[in-house]
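Using our numbering, read the sequence shown as starting at 65 and increasing by one per residue.
It cannot be assumed that every hint is accurate.
[Unchecked claim] Result set (SDA-like, lysine to any residue): computed pairs, CA atoms no more than 25 Å apart in a straight line:
no.: 1; residue 1: Lys180; residue 2: Ala191
no.: 2; residue 1: Lys210; residue 2: Gly196
no.: 3; residue 1: Lys169; residue 2: Asn220
It should be emphasised that the hints constitute simulated quantities derived from the structure, not laboratory data.
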Amino acid sequence: MNTTSIGLNKQEAENLTVSLNDLLANFQVYYQSLRGLHWNIKGKSFFELHVKFEEFYTDSQEKIDLIAERILTLGGTPLHTFSDYVDLAKVPVGKNITNDVESVKLVVNSLSELLKIERAILNESDAANDEGTNSMMSDFIAEQEKTIWMLNAWLN
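Given these sequences and hints, build the entire structure.
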């Protein structure tokens, strides 16, 4: 039998789990950067950004769980070690950032990197006829594009 229990081609599902694990690793690093931004932000934008970064990391935490559950649904195993995350991550790492503009730019750059990965997964899942992953990627992409627009409006 060349299909999974949910009716997808086994090889394509396996390939998707690799791609989704890459996204998972990038989200985990992004999440941790957001925690650091939340804790370390200073200056006149403190109150506004402290709350906003908490909103972002809470949302990321939910997305991390959705990605891991999708990997499991496809028959894979989600990565779960920091060494795996660091090895795979392409998102920029924020360390000791306290400045408002620098912190918001980090979020924009991170989301831009996540969007590249998500669009590649969307193409891959579309070719595999995987509507579950398609739907998740479409939702992530639409939301993150709007967030980038809003953050760029804040920066300008």
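- Checked against the structure, which of the hints given earlier come out wrong? The structure breaks none of the hints.
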